[in-house]
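Given the structure of chain A, go ahead and fit chain B onto it with the hints provided.
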Amino acid sequence: MSRFFTVLCEDIQARVFIYRALLHLGVSARNIRVRPYPDNRFHAAGKRSPRRVDGYEVYACGSQHVRMNFPGELAEVRAQSAKNRDAALLVHIDVDNETANGRTVQDRQRELDDECVNAGVPKRTASDPVACLIPRRAIETWIELLMKGAPVDEHTSYPKLTQREADAEPAAAAFAAHARGKTVPPHAPPSLTTGLSELRRVV
Amino acid sequence: MIERLYIDNVRSFVNFEWKPDRLSVLLGPNGAGKTLLLETLFALRGFVTGAASIGETFDELSRTRWDSRTVQTIELDVRAGGGLYRYRLVVEQDAGGRNDPLVASESLQFNDVEKVEFKTADLGLYRGAQTKAMPGTRPTRSGVGALSSIGQNEFVRAFQEWIWNLWLLRPDPRAMSARVDRRRVARAPWLEKDLSNFAAWYPPTLASQPRDVMNAIRAVEPALPGLVEVRDAGGTLEAVFERGGKTSSYAFDELSDGERALIALYSVLHVLASPGKLLLLDEPDNYLGLREIQPWLAELSDRALRSGGPQVILISHHPDALNFLAPEHGWRMFRDPDSQTRIQRFEVQGNLEPAEAAARGWDEPQ
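Chains as they are written, first to last, in the numbering used here: chain A, 21 to 223; chain B, 5 to 370.
By construction, these hints were calculated from the structure, which means they are not laboratory data. On a predicted model such as this, the values are computed, not experimentally measured, just so you know. Just so you know, not all the hints are guaranteed correct.
Taking CB as the label site, the calculated pair distances span [stated by the list, open to error]:
| no. | chain 1 | residue 1 | chain 2 | residue 2 | range |
| --- | --- | --- | --- | --- | --- |
| 1 | B | N103 | A | R53 | 55 to 61 Å |
| 2 | B | R69 | A | E96 | 50 to 56 Å |
| 3 | A | R200 | B | P341 | 55 to 61 Å |
| 4 | A | T182 | B | N115 | 21 to 27 Å |
For each residue, glycine too, the CB sits at the ideal point set by N, CA and C.
Chain A on its own, in the form it takes in the complex (with noise of 0.2 Å):
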């Protein structure tokens, strides 16, 4: 495949999930360009506060990064296609929700949607060669049941597979070959089977 990836995530584990996968799906190294993010260590250590964003209290440091650059990814993909260049950005952002009635998917799509329009920048559109990856509760609830299959739920705060995120390899083989064979995991939580869908926009 020589389309070229951008990807936009919150931190290594999406990192190391969203690259793995695009290999698995044929994608070449050198046609992936990870935008660097941020420093997460401190937040998942406890060391600072989580603040409260849109009266949600987050961890924002990664979703914020995310929030903030994707008008301007999202303006320069549209850019590149103008061009005839085969580009295309996939965006990672956890909806760390922290209760049942709290945040949604569709809510995190809203606040890219908003950020896009105080930047100046049309809202994404269905002919956007973009994907927006937005598990629901994080990116170790799509790990856990694509590592395990055992059903899940998007509320539960899953472990982290710190110092070692490449463990989540087949994790993510198994999320290419979903989105390569038009098919959903068993028990699929609702943001997984999105995700896929998303995946399959732009692969």
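Then chain B, alone, in the frame of chain A:
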């Protein structure tokens, strides 16, 4: 995997302690001690494997200049063989510098249970309360490295294997020739730090690890379109390209610096970045084009960040490497003039990218 490193009274390291991660990226100004740290570890490897005496490893000039103590100490905590090894080396330098340094003591402990210790005074091997004479042990050579791993000392084997698998690489494509040493094709020679003997190392490595080497060539191909093979052609290492139905071969030293660096780096990645290894990489990205750096680093990172993967300690000044890896894996080394090396986790406050913060010096401790 090194879990803890302690160095005292060795050049700019005074009472220096560091607990590296599985993947650590060292950054900091020139002269901070980054390369010295890798060289010290590599020198220790030479000593324990028997390649060097203590005088060749830590000579009189290796003492910290402003420190009057004559004793130097190195400690390593290493996770290997299903347990934790604690290695300790104490070196006694002659105050006047007239005599060679001696090993004051050397010990290796496993899981706080098994232990061997060598002392200069009587060249003894201590196992608990028992003392055995160790004929042949000299106060200038490593006893731990020379110890047979048969019988009671079986536990030393995993540590010896671990230290054999410590590699220091500082690729310099300009030093890489195309000449294959055909006398040594049966077994890959030790890969020199600058990879100057890459051409001699490659053919026997291809013979012994064909899958890894071919995967390396496949991984390089997108950057070197048409590359199908790197082979020994009658004593000359050559790269074979197929483009537009035509096959053309180039001696390895006809390739550009960047092309040689790419082939060598991907070969190292696929052959050496494997479980149980410790890779010390000193500015490996120097000759790579901007588009080639992140893919290589991503693969290196993903290998290190697998359970049981290799441990990697990487030095880089390249902005792309810093931005990609420093946020999660960065360690900043620094020192004031005539002062000791210190290390702390790299941390950037604010919205600057890591390389930009480093370029402004805003990552320095206040």
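Of the numbered hints stated earlier in the document, which are not met by this structure? As far as the earlier hints go, not one is violated by this structure.
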